[in-house]
Amino acid sequence: MSLRTLPDLIPDGKLKLPRQAERTLAGGLTVIAIRRPAVPLVEVRLRVPFGRTPLPRATLLSQALFTGTGTMSSVEIAAELQAVGGGLSAGLDPDRLLITGNTLASGLDRLLEILAAVLTDPAYPNEEVATERDRLVDHIQVALTQPAHLARAALLKRMYGRHPYAVQTPEPDQVRAVRPAQLRALHADRVRPEGSVLVLVGDLNPEKAIDAADKALGSWTGPGKDGDLPPTPALQPGPLLLVDRPGAVQSSLRMALPALPRTDPDYAALQLANLVFGGYFSSRWVENIREDKGYTYGPHTSIEHFLAGSALLVAAEVATEVTGPSLLETFYELGRIASLPPGEDELEQARRYALGTLRLGMSTQAGLAGLASMYASFDLRLDYLRDYSAALATATREQVADVAARFLAPSQTVAVVLGDADKVHAPLAALTAVERGVA
Amino acid sequence: MARRIKIPATKYPVERFTLDNGLRVVLTPDRSAPVVGVAVVYDVGIRSEPEGRTGFAHLFEHLMFQGSENLEKLAHFRHVQGAGGTFNGSTHLDYTDYFEVLPSGALERALFLEADRMRGPRLTEENLLNQIDVVKEEIRVNVLNRPYGGFPWLRLPPVMFSTFPNAHDGYGSFGDLDSATVEDAQAFFDRYYACGNATLAVAGDFDVAAATAMIHRHFGDVAARPAPPLPDFDEPGLTEERRDVYTDRLAPLPGVAGAWRVPDPIGDFADYLPFVVLAEVLTDGDASRLVERLVQRDRSVTSIGGYIGFMGDEFQVRNPTALLLQAHMPPGGDAEKVLRTVDEELDRLATNGLTPGELERTQARIATHLLRDTDAVLGRALPMAVLELQRGRPEMLNELPKLVGEVTEAQIVAAAATLRPDRRAVVEVLPGAGS
Numbered sequence: 541m542s543l544r545t546l547p548d549l550i551p552d553g554k555l556k557l558p559r560q561a562e563r564t565l566a567g568g569l570t571v572i573a574i575r576r577p578a579v580p581l582v583e584v585r586l587r588v589p590f591g592r593t594p595l596p597r598a599t600l601l602s603q604a605l606f607t608g609t610g611t612m613s614s615v616e617i618a619a620e621l622q623a624v625g626g627g628l629s630a631g632l633d634p635d636r637l638l639i640t641g642n643t644l645a646s647g648l649d650r651l652l653e654i655l656a657a658v659l660t661d662p663a664y665p666n667e668e669v670a671t672e673r674d675r676l677v678d679h680i681q682v683a684l685t686q687p688a689h690l691a692r693a694a695l696l697k698r699m700y701g702r703h704p705y706a707v708q709t710p711e712p713d714q715v716r717a718v719r720p721a722q723l724r725a726l727h728a729d730r731v732r733p734e735g736s737v738l739v740l741v742g743d744l745n746p747e748k749a750i751d752a753a754d755k756a757l758g759s760w761t762g763p764g765k766d767g768d769l770p771p772t773p774a775l776q777p778g779p780l781l782l783v784d785r786p787g788a789v790q791s792s793l794r795m796a797l798p799a800l801p802r803t804d805p806d807y808a809a810l811q812l813a814n815l816v817f818g819g820y821f822s823s824r825w826v827e828n829i830r831e832d833k834g835y836t837y838g839p840h841t842s843i844e845h846f847l848a849g850s851a852l853l854v855a856a857e858v859a860t861e862v863t864g865p866s867l868l869e870t871f872y873e874l875g876r877i878a879s880l881p882p883g884e885d886e887l888e889q890a891r892r893y894a895l896g897t898l899r900l901g902m903s904t905q906a907g908l909a910g911l912a913s914m915y916a917s918f919d920l921r922l923d924y925l926r927d928y929s930a931a932l933a934t935a936t937r938e939q940v941a942d943v944a945a946r947f948l949a950p951s952q953t954v955a956v957v958l959g960d961a962d963k964v965h966a967p968l969a970a971l972t973a974v975e976r977g978v979a
Numbered sequence: 006m007a008r009r010i011k012i013p014a015t016k017y018p019v020e021r022f023t024l025d026n027g028l029r030v031v032l033t034p035d036r037s038a039p040v041v042g043v044a045v046v047y048d049v050g051i052r053s054e055p056e057g058r059t060g061f062a063h064l065f066e067h068l069m070f071q072g073s074e075n076l077e078k079l080a081h082f083r084h085v086q087g088a089g090g091t092f093n094g095s096t097h098l099d100y101t102d103y104f105e106v107l108p109s110g111a112l113e114r115a116l117f118l119e120a121d122r123m124r125g126p127r128l129t130e131e132n133l134l135n136q137i138d139v140v141k142e143e144i145r146v147n148v149l150n151r152p153y154g155g156f157p158w159l160r161l162p163p164v165m166f167s168t169f170p171n172a173h174d175g176y177g178s179f180g181d182l183d184s185a186t187v188e189d190a191q192a193f194f195d196r197y198y199a200c201g202n203a204t205l206a207v208a209g210d211f212d213v214a215a216a217t218a219m220i221h222r223h224f225g226d227v228a229a230r231p232a233p234p235l236p237d238f239d240e241p242g243l244t245e246e247r248r249d250v251y252t253d254r255l256a257p258l259p260g261v262a263g264a265w266r267v268p269d270p271i272g273d274f275a276d277y278l279p280f281v282v283l284a285e286v287l288t289d290g291d292a293s294r295l296v297e298r299l300v301q302r303d304r305s306v307t308s309i310g311g312y313i314g315f316m317g318d319e320f321q322v323r324n325p326t327a328l329l330l331q332a333h334m335p336p337g338g339d340a341e342k343v344l345r346t347v348d349e350e351l352d353r354l355a356t357n358g359l360t361p362g363e364l365e366r367t368q369a370r371i372a373t374h375l376l377r378d379t380d381a382v383l384g385r386a387l388p389m390a391v392l393e394l395q396r397g398r399p400e401m402l403n404e405l406p407k408l409v410g411e412v413t414e415a416q417i418v419a420a421a422a423t424l425r426p427d428r429r430a431v432v433e434v435l436p437g438a439g440s
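Heads up: the sequence lines are chains P and L, in that order. Quick note, our numbering runs 540 ahead of the 1-based positions in the first sequence. Quick note, our numbering runs 5 ahead of the 1-based positions in the second sequence.
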């Protein structure tokens, strides 16, 4: 057996941003068009500000957005989109209504026409809305049996208290009470071009694509509404909340820690601290509780950004019998990164991962569309990637240690465990104060 | 009648060669983004695992990440991610894949890592026990601790098939996983992980001559071992309907899935392809047959999906396989009624044919899905590696949108006519949550 040497890496070239154009239309809609002609398709993302909307209505509106226009039924909308190889769907986060789609490049004009009809001439027919309402209720009923959903719901309540972000899924009864007329009113009031951003990425000429959007969506007008939410409250560390799920063969361990927005000068350092701790496979936490101890399959941490605040989230599904030891190791790794500077090698490894995966994320039409649309909703553009890359490349060990001490300290955690309480209460209580609660 | 949109094609170049040791290589350069995808695929999957060792192919996949000749445990992950890349592997019925996506300057490193484990993983008792624990947690997350776990991909095969390779649980029983030994793993590697039983594909931003030299440098001295004989897993199709029903204690609502055998995806590709299109005619979007009827009109299901291959890998599966339909129902939903309606719609399709534009729009949308997948380097490297392995035709990835576009109405009608109740396997899931 001869020893072989790992080949060196060839350093990355300069970060190249794709050709793009941007224009705000007369009606107030901002359109960003980005050229990546690798495949003959166009990716479409539209984000509409939707803060301060009533959650049950907003959620059902997102589910029923394509149920009909003044001239087209839901089936006709779907068939017309399909005919050009297109498709559109809608979703909701606490800040925005998000429309996502794609089409053969030759079908872009037609897709934009159909999108315009949905935005400007929605019908919300009673029958179709009733169908979508029942489907949404069923979907929520299923979510309420999924541990990942229940654990997140419990964590959000602990994190956000009375802030609107505390509840991100409506109750089935609330959805049942929504009437089609309320959707029409909400649509008229809040599905407005001002403040909305349309992103088109693909095999297109950026200026011409914006012209096409202008032609199709020029009739979409109306001032935006103030949907800004108050800043999220500071996290209130306290006893670990234990939510009972009798008979569960795994416990869902969740934690929240404070975090910084993307534009903060220390954000890159915080992201590197997150990676070293638990934000990728080769992190301390994952190597510890998965590859050394075998407690879990897919533990992960990430920084979640909403318009009104950011948080660092920790998540693992661990076997019921090792719930206590898993919490112990999690506290240990948080304490270690908050108390001691990271090693040079592990910091460089995390840095290269962060820089490399940025490039991977930009390497497809769908990746670029997602990034451009997400950044735009935070008033950022793709050139943010240059600044962010530079900040990642230059963050020092001292900076990373400093933000880790400020943001990753175990004393600051808001923690939730969803699991078989009779089995895991005592092991958890050996490590921290525990209170019982409901999801 | 709808105006027919032209279905475009990709022209990704394809270079193929075989090393002296039998490793088949596919190179597909494209310099539109500074990234590369590397895929190594071995011609062994769930169907080849021995009786008493259910889940072994997947467990072995985990062991391939636990170190090799020149790499300590954890080194593989660190070297890939420390190069700015991502990695994974997955175990299918007929093959097991390993892959990385990285900035282009890390290509040679990825090739080194794959070659090192192709020469032999470090199979130790400690790593085996650790990964048995990890795999059990994976099964708990994906099957045991959630509603509808394994529905229908683990639930249908034992109803539809009679032989162990096709019928058994590919995730494995905990008892079988616990029985696995280092000797089993070594024997599995020796038999199936031969370089003559593997393909390597590289996609993305590289120079063909340089990449070819790297591949010779790193894989050239992997010991030549021939592929084991390719097993034939065929078994007779059903002549009368087979049913199973079970209660899922975590599920709040009922569900039902049905499956029908389809022609050999490789040996009878021309007869098989219409079933791929048919699945989309039936279930792709609000304008599809079964969504319009069952979701919109009858409201007898809340969602319905249709696809081919138990893992949804319609161009990467061998015979025998099936077209699957799966539906979730509202409270009190009636699986019999849903199945009767499906039969009625299939009859209507087989008797009256398609409506104007129905086939064309379905083909256009399939083309978008196919093209979209190929935009990612991994969306080229992985399927090309499998197409090379199973068909010797990686360039088929470029041709699929066009081939789908050539399927005719008569073929769809003929395909629909074969989906008879007496050829069907059905599994019904009853809600047990709260009871």
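Everything labelled a hint here was simulated from the structure, so no lab data went into it. Don't take every hint at face value.
Taking lysine-lysine pairs in the BS3-like style, the calculated list, with each CA pair at most 30 Å apart, reads [said to hold, decoys possible]: (1) P:K748 / P:K697; (2) L:K16 / L:K407; (3) P:K748 / L:K407; (4) P:K554 / P:K697; (5) P:K833 / L:K78; (6) L:K11 / P:K755; (7) P:K556 / P:K697; (8) L:K11 / L:K407; (9) L:K11 / P:K748; (10) L:K16 / P:K556; (11) L:K11 / P:K554; (12) L:K78 / P:K748; (13) P:K833 / P:K963; (14) P:K963 / P:K697; (15) P:K755 / P:K765.
**Message:** K963 of chain P and K697 of chain P were given as a pair; does the straight-line alpha-carbon distance stay at or below 30 Å?
**Reply:** holds, 24 Å
**Prompt:** Is it true that the CA of K554 of chain P sits at most 30 Å from the CA of K697 of chain P?
**Reply:** Distance of about 43 Å is beyond 30 Å: violated.
**Asked** Within 30 Å, alpha carbon to alpha carbon, are K11 of chain L and K407 of chain L?
**Response** holds, 10 Å
**Asked** Keeping to a limit of 30 Å between CA atoms, is the pair of K556 of chain P and K697 of chain P held or broken?
**Response** violated, 41 Å
**Hinted pair K833 of chain P and K963 of chain P, Cα distance within 30 Å** = holds, 20 Å
**Message:** Next pair to validate is K11 of chain L with K554 of chain P; report whether the Cα-Cα distance is within 30 Å.
**Reply:** Cα-Cα ~38 Å, so violated.
**Asked** Going straight from one Cα to the other, do K748 of chain P and K697 of chain P come out at no more than 30 Å?
**Response** violated, 46 Å
**Request:** Mind checking the alpha carbons of K78 of chain L and K748 of chain P for me, to see if they're no more than 30 Å apart?
**Result:** Roughly 53 Å separates the two Cα atoms, so the pair is violated.
**Asked** Hey, K748 of chain P versus K407 of chain L, does the alpha-carbon distance stay inside 30 Å?
**Response** holds, 28 Å
**Asked** If you draw a straight line from the CA of K11 of chain L to the CA of K748 of chain P, is it 30 Å or shorter?
**Response** OK: K11 of chain L and K748 of chain P at ~21 Å, within 30 Å.
**Request:** Would you mind confirming whether the straight-line C-alpha gap from K755 of chain P to K765 of chain P stays at or under 30 Å?
**Result:** holds, 24 Å
**Prompt:** Does the alpha-carbon distance linking K16 of chain L and K556 of chain P stay inside the 30 Å limit?
**Reply:** holds, 24 Å
Of the hints listed earlier, those the structure fails to meet are numbers 1, 4, 7, 11 and 12, in rising order.
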